[in-house]
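Engineer: One letter stands for each residue in the lines below.
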Amino acid sequence: MNNKPKIGVYVCHCGINIAKTVDVEAVTEFASRLPNVKVVRNYAYMCSDPGQLLIREDIEKEGLNRVVVASCSPRMHENTFRKTLAAAGLNPYYLEMANIREQCSWVHEDRDEATAKAKKLVYAAVVKARLLEPLYEKEVDVEPASLVIGGGIAGIQAALDIANAGFKVYLVEKTPSVGGRMSQLDKTFPTLDCSACILTPKMVDVANHPNIELLAYSRVEEISGYVGNFAVKVRKRARYVDVDKCTGCGICAQECRLAGRIPSEFDMNMGKRAAVYLPFPQAVPAKYTIDPERCLFLTRGKCGKSPKCADACASGAINFEQQDEIVEFKVGTVIVATGFDTFDPARKPEYGYSDYANVLTGLELERLVSASGPTGGAVVLGEGENAFVPKDIAFIKCVGSRDKSVGNEYCSRVCCMYTAKLAHLVQEKVPGANVRVYYMDVRAFGKGFEEFYDRVRREGIRYIRGNPSEIFKRGDKLVIKVEDTLAATPLEDEVDMVVLAVGLEPRKDAREIIDILRLSQSADRFYLEAHPKLAPVDTATDGVFLAGCAQGPKDIPDTVAQAKGAASSALVLLSSGKVKIQAQISFVNENTCRGCGYCVEICPYGAIDLVAVNRMGNPVQVARVNEALCKGCGACAAACFSGSVQQKSFMDRQILPQIAVLGVMK
Amino acid sequence: MKENGNPYQPHIATVEDAWYETQGDRCIKTFKVVFDDEKVRESWAHRPGQCAMIGILGVGESMISISCSPTEGRFLRFSVMRMGKVTQALHELEPGDKMTVRGPYGNSFPVDEWKGKKIITIGGGIGQAPLRPIIEYVKANRGDYAGLTLIYGSRTSGDLCFKSEFDTYNAANDVCCHLSIDVAEEGWPHYVGFVPSLLMEVNPSPENTIAITCGPPIMIRFVLENLKKLNFADEQIYTTLENRMKCGFGKCGRCNVGNLYVCKDGPVFSYATLKDIPEAFA
Amino acid sequence: MSAEFEPNVVAFLCNWCSYAGADLAGTSRTHYPPNLNVIRVMCSGRVNPLFVVNALQQGADGVLVSGCHPGDCHYMEGNFYARRRFTLLRELLEYVGVEPGRFNMSWVSASEGAKWKDVVGEVTQKAKEAGPFKQFRRDKINW
Amino acid sequence: MDIKKVRNEKFADFLAILGEQKLYAPQKVGESLRFAHVTDSSKVELAMANTTVPPKSIFFPQTETLYRYEMGNTEIQPPAVGEVGIVLGVRPCDARAQVIVDNLFSWDVDDPYYKERRDKATVVGLACNKPCVNCFCLSLGGDPASTEGMDLLMTELDDAYLLQPLTEKGEKLCQAAAAVAEPATAEDLAAAEGLHGQAREMITRKIETGGIPENLPALWENALWQETAASCLGCGICTYLCPTCHCFDIQDEVEGLEGRRCRMWDSCMFKEYTLHASGHNPRPTRRERTRNRINHKYSYFVDKFNVIACVGCGRCINHCPVNIDILEILAQVKEAL
Amino acid sequence: MVDVEKLKEIARETVSRDDVKYLIGWRQGTYGFRTAPHFVGTPEEADNLIFSPLCSHNLATYLTLVEKLPVPRGQDPDSRKVALLVKGCDSRAVVQQLIEQGIGRDSVFVIGCPCRGVVDLKKVEAKFPGMREKVSATWGNGTIIFNLPNGNVEVPRQEVLAGKCLTCRYPNPLLSDLNFGEEVAVWGSDDYADVKNLEAGSPQERWSFWEEKFASCMRCYSCRNVCPMCYCEDCVLDRLNPQWVMRSVNTAENTAFHLARAFHLAGRCIECGECERVCPVDIPIMKLNRKLSKEVREKYAFEPGLDPESKPLQASYRPDDKEDFIL
Ligand SMILES: Cc1cc2nc3c(=O)[nH]c(=O)nc-3n(C[C@H](O)[C@H](O)[C@H](O)COP(=O)(O)OP(=O)(O)OC[C@H]3O[C@@H](n4cnc5c(N)ncnc54)[C@H](O)[C@@H]3O)c2cc1C
Ligand SMILES: Cc1cc2nc3c(=O)[nH]c(=O)nc-3n(C[C@H](O)[C@H](O)[C@H](O)COP(=O)(O)OP(=O)(O)OC[C@H]3O[C@@H](n4cnc5c(N)ncnc54)[C@H](O)[C@@H]3O)c2cc1C
Ligand code: SF4
Ligand code: SF4
Ligand code: SF4
Ligand code: SF4
Ligand code: SF4
Ligand code: SF4
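Chains as they are written, first to last, in numbering that gives the first Met the number 0: chain A, 0 to 665; chain L, 0 to 281; chain R, 0 to 142; chain H, 0 to 336; chain B, 0 to 326.
Only chain A is shown next, with the shape it has when bound in the complex (with noise of 0.2 angstroms):
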């Protein structure tokens, strides 16, 4: 049924921000001349109370079905507007405005040329209002379960945050146990508490929590779906140990074959492990894992007579014949939680990382001072008769940050505060070091770090104003060349052992979850925010949540912040249990569609797939809009030859008459 379109326009004096410019009693004169109008008003102030009251009673009583209102962008009223709409009774999308604020009074100075202009604006929205379509929030239902996708600290986090409100939560880790960065770190700044002490017992949560599923050792494969439905399949990799069974005793590996002649990946390769390990001490869950590429069995089909692990453990939990086994389940919200990577200093060969043993990353030298780290915590360089403890120390900090050479203009917000500590825990462990850190700014911006480093430097922590530019061996020593640019001079120094403040960069596997889940990269590469600063946990993707150093370097608190506010986001969505979808969005005229795609290539969204349909018996493929995705951009309908998807309220048959207008009209 369609009635025919009566329609009231209210022009607006806004005081006298519109009326002085815009005579607004000849546009009310000229509206209502216009086809279908059958109200017109003028009044102070639209927006007002009072102005609304106007526009309902009028839709009340006077039947209206569509409004105009001529006031100030819509950009600044449109939501006001249609609520007025909507407590009459009438659809709120039967609303066009016209815009005689921004767009005339406040950019015209003639009074002659404003009231033209804005009679063609007003007639521009009536002929659009005409043809407007009413339209509906759809409702959507909410999957109460919540997908993580990394189990470093951020994901910890929310993955006990979401849990705790009482939502199931899946908890997804690619390596075979939980902690990410932050369980490598030995003490934290700026308060020097030990990283473990305070990780662990989270860590132990996630494994102990009813409503949290972990799935470590695992990779997100597919994940398909829209806001509150999301359909996700996890690959879970073979541990080749029946975690049923396995007590974590650790005999397995003690009798390993290769036992210590592997290097540890959480060591950054300066410990060594077994082919069957567990990465750390205190690793959850405590499973051992059999590492694939390494173990004899696994890459030789044989191993001595018979693996020395099966036959050494006692509960038989060793299975070679174990297969990667896919879990498949639905969610309603995504927290994307896959943290960083360190910038690998070989990039940079001036500073001999690659050549000087003695050149270590900030990472490497956390393992070392660690007391679950390869030395025991002991600050030891070279191996058996070669060890030495180094006495000249000198860090280099921006290492792969705020450096256009290696592509990364950011700043990694960690490294002048882990390099202080880091000084600092050398300085206390090696008695007598002389340390010195050589840097171009210290920027210590947060809570307590000023403090903190003011503390280090008290404690005799040399800072040098100054960028190295080459690090070579002379005899023993490394020197450091360098310009002092405070005093201005150039220096060699001769130290012992460097330690490279190296930045932060996005995971090297960073594309996956892109392609996986459509996300977005900012310039530098870490996953894209929806809004810098009013949507900073969002992405474009509804209902996909960003957390910790997967969005931008930041620290533990920062990043636990973070987390709880995207375990916040998604549980808004979690705990309402239904999700409106845009309105304005796009659909499809199945029986003008020819099915060549443009549309499904171009949507930024992945909101349009080709489906097989039947038309009279034949089968075609024609393009569908999945609303819940759809953001209403409208891209799919200019791309469309045959015009046959259209956007809602910017349909081509609404906007060509507009155009008429506008062009017609002088």
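Among these hints, one or two may not hold up.
[What the hints assert, rightly or not] The calculated lysine to any residue pairs, modelled on SDA-like cross-linking and capped at a C-alpha distance of 25 angstroms, are:
{"hint": "1", "chain 1": "A", "residue 1": "K507", "chain 2": "A", "residue 2": "E264"}
{"hint": "2", "chain 1": "L", "residue 1": "K84", "chain 2": "A", "residue 2": "L134"}
{"hint": "3", "chain 1": "H", "residue 1": "K119", "chain 2": "H", "residue 2": "D1"}
{"hint": "4", "chain 1": "H", "residue 1": "K129", "chain 2": "B", "residue 2": "L97"}
[Stated by the list, open to error] Derived coverage of chain B by chain A (criterion: at least 3 residues anywhere in the stretch with Cβ under 8 angstroms from a Cβ of chain A; other residues may be distant):
{"hint": "5", "segment": "71-83"}
{"hint": "6", "segment": "95-101"}
{"hint": "7", "segment": "232-238"}
{"hint": "8", "segment": "303-313"}
I should point out that these hints are in silico values taken from the structure, not numbers from a laboratory.
Glycine is no exception: its CB is placed at the ideal position from the N, C-alpha and C atoms.
Fit chains L, R, H and B with the ligands to the known structure of chain A by using the hints.
Structural biologist: Same frame as chain A, but now just chains L, R, H and B with the ligands:
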């Protein structure tokens, strides 16, 4: 019937009353319209079965059956199903609004020839629109005809056109009225099933009877089949065709079925005429 | 001619950047010529190139399509598609003899109220120089 | 009525005299030949065998306003049809075609627009001295020197154009041209006769139409329609360019507050032609449309007006992009009968 | 040399296959130099097939032009393949249709015919006017040999070849299930001289060139119907709501139509030249198409119809696409 004047030029008429017959996507709205020009009102003469080209300036024209009998008064009625550009715009019209009307076009039901016979109409959906004038005409001249039976069905009760009128037909008790819907609905007192089966149920005798059918092509095909089963002769069966047309008087070319122009030779045809024209029921 | 020719320019602005930029120009009370009238769409990617042809046909002397700067599209990619389409459309229009100044495209962000003012000025000026559009304007005289 | 001639060197003057009325003649428009208003008589092209677009475009323009109105107003203003003076250089087949079409446009109701143009116009025909390969007018009762539908027939002789008035209008024209014309001699007439005869000889394509109109519909389900239509593009060139095709569409067009209802050529070869608003199409594929085209010309039209709606001008054959050849179809029809 | 007998043999085999509906090739026309598309449904019908310099039709258009009748309930739609003879340029149409999913790869059986250029009928008919008898032609060495009724005539191919062939860079089919004939060497090259000539004029000159052309268009839409890439179910040019182009035939509407059509083919037109060939009033449509093809090549290094795996030009972008004109 050579006329002077411009046959393309329509008369202006005003909608006096308008109401929805059915709801939904392809809803039907009936308009009662009166010519603005007194002279046109006086001179306009249509016969049951004829149609008129109605339109809206700036939108276009559509051929629509005149769904009232001249016996009803000096006005016209159109029942329009919302299909596309023009009919959609027509549906926006309300009392007081203007439309353009030209016509009347086509032949008509040979009501004079039929005098003394029993008339039975078999309609489906919007197909009842061209049948209504013959019903009204026969009602108005009830004494001239031996009987009037009406068989009408639609998908659901909500799709029945002219619903309110059927009760008055029954009350007057000179019309035998059989209604049906395709699928059962609560509270539906009449037949459930397709029109062709209802026809068999009613089982009219072909004796001195004229059967007129109008509706969707598929229905017509089965009704014809069943009428033959009931031993109706080809000459006793009438139908109307609705091919696309633009001018209404045999110039624009498109409405032909075989060598017949629907606008001039039709829209009313006896089955005897149509049965040998292969295109007629395409 | 006594009165100077005043061109009629139709502009398609994306909601998020250019329309917001134009709003800012308003809020900042910058002044610019009144010849340009705006049709708001959600994204410059929504602008069908045929809108431009149609606008010229229906009486516009100039047309502007404006969106977010590349990389800033609210919908991530819309303006990239728009850029391709309109680069080609512009070539086509000029090839059949539409003056170069008639069809314009601009990137105006939400913060570039001042740029918007400049764009309006420039587009209006170019249309003015090109004169009334006649080539394939719908011709009432032939009716 | 006296037969005259205009010597070649005076022909330009002759055109100038004709040009005192609104004169239409074959000219190159864009890249093709059609009848157009003569503003520069040097552009008139009479040498080419026939125009691509037939002169029906003068009497029945491709787009024609039926009436205008203002939006929101119900006042209807029919346009003035405008002046049509002389249509010069109409070939015999086209002149005859117009007579055939007259039948339709005056069937019961006169088409006022068409009629006014027909009444106003003086048709100056031009005999075909060199018919094209696909001309077959002889088979349809036409002739390269047929005078049907003309007010005056011209024949191009070696050094002059012979003017043979046929109606009062033609006679008037001859008189108006008296200053540049001179009486034709017997030799001139003989020469013309000779040329006409030669032309007849040159027409090699033929079809015997006997039996077709009555029996064509009987071939309804014949495979020939499918075979013929398989390659058809449904482009409608065959109908747009056909001098006897006359179908049109009526549309409303609006600009701003001005509107008009107008008609424009349409073609039975288009799928939209018969498409119902419901999406149902009684002629769903090109097979049915092709069948209708031939049936309409060679049977239905005969049924109504007793004449085949084809004059054998050969345009549909010349211009069909996929070589669908009406003579070939008719030959198959004959075979199938 | 073209071995037509072998072609017929291939065709017979092909149409005998269970999974092939029919084969589309060319046959001699009804008069003169004309040829026509030939639908081969039975092995016998293959006898009329030809492949010669007269075979200019791009048969790929029939893949999308087919009008499907409703399939009666309970019946299965015919899913057999259509076999198609393609020249080099035609094969690009098939590729582009595949890209745009106008057809499925398993719905066609493509028989490639490496091509040494086809004639422009208008050029040939101007050279040998009034030809009533059927004429066949063959390729010579850099020539075309016409078998006229009074003996063979050999014409340098430059004189009679279609414009598309003079600039053709893909004479060998880019996609086929089977190839007929030997690969031929590329002889054409394309410097877009025709386009550049026109570009060199002032806007006024360019418009007066086009105005006359557009004004003479009859809007029969043959150029659209014949185009293998114009396969829309409901073309914008036919739509009434919204109505992009009024149905009135005049310069303004005609121009809008030509711009719309040309734009819709930007990055899709494979330059088979069919649109221009079929135009009854000889509008130089290729001059429009080739302008866009030139821009697409220069600006985006893109050519349509080469790689079935590629993305359509108008459905892709590069962040660093040129944008020199944007304010
Ligand atoms: C040398 C160094 C010292 C630092 N010291 C301090 C300090 O003292 N104080 C402080 O506040 N901050 C410090 N930081 C910063 C701190 O490490 C980070 O803020 C914190 O680790 C960020 O946690 P996250 O969860 O975001 O990322 P991560 O810790 O990187 O965790 C991400 C997790 O996701 C997993 N993952 C990645 N990709 C996938 C995938 N595709 N599927 C499944 N799982 C995946 C990873 O395996 C990892 O477990 C330091 C950083 C460095 C480099
Ligand atoms: C004798 C007769 C009696 C009828 N009686 C009734 C009746 O009583 N009640 C009823 O509801 N219906 C009736 N109809 C059917 C009615 O005429 C159509 O439903 C109506 O015309 C649909 O018009 P539309 O504009 O709404 O549909 P659309 O499909 O939007 O448009 C149809 C119109 O658009 C134009 N059009 C659309 N596409 C094209 C194109 N590609 N090329 C050219 N033109 C095009 C034509 O002008 C056509 O008139 C009758 C028809 C006939 C012939
Ligand atoms: S409107 Fe935008 S988001 Fe929606 S389907 Fe189209 S391209 Fe995708
Ligand atoms: S059908 Fe063909 S030959 Fe006959 S008149 Fe028409 S165009 Fe000429
Ligand atoms: S000209 Fe040829 S291809 Fe075009 S519609 Fe006519 S028969 Fe078909
Ligand atoms: S084929 Fe020629 S006349 Fe027909 S629409 Fe195309 S350009 Fe116009
Ligand atoms: S536009 Fe012309 S040249 Fe291009 S693909 Fe279509 S028919 Fe061929
Ligand atoms: S012109 Fe455009 S809309 Fe029409 S068929 Fe071609 S591509 Fe489709």
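Engineer: So which hints don't hold here, by number, going up?
Structural biologist: Violated: hint 4 alone.
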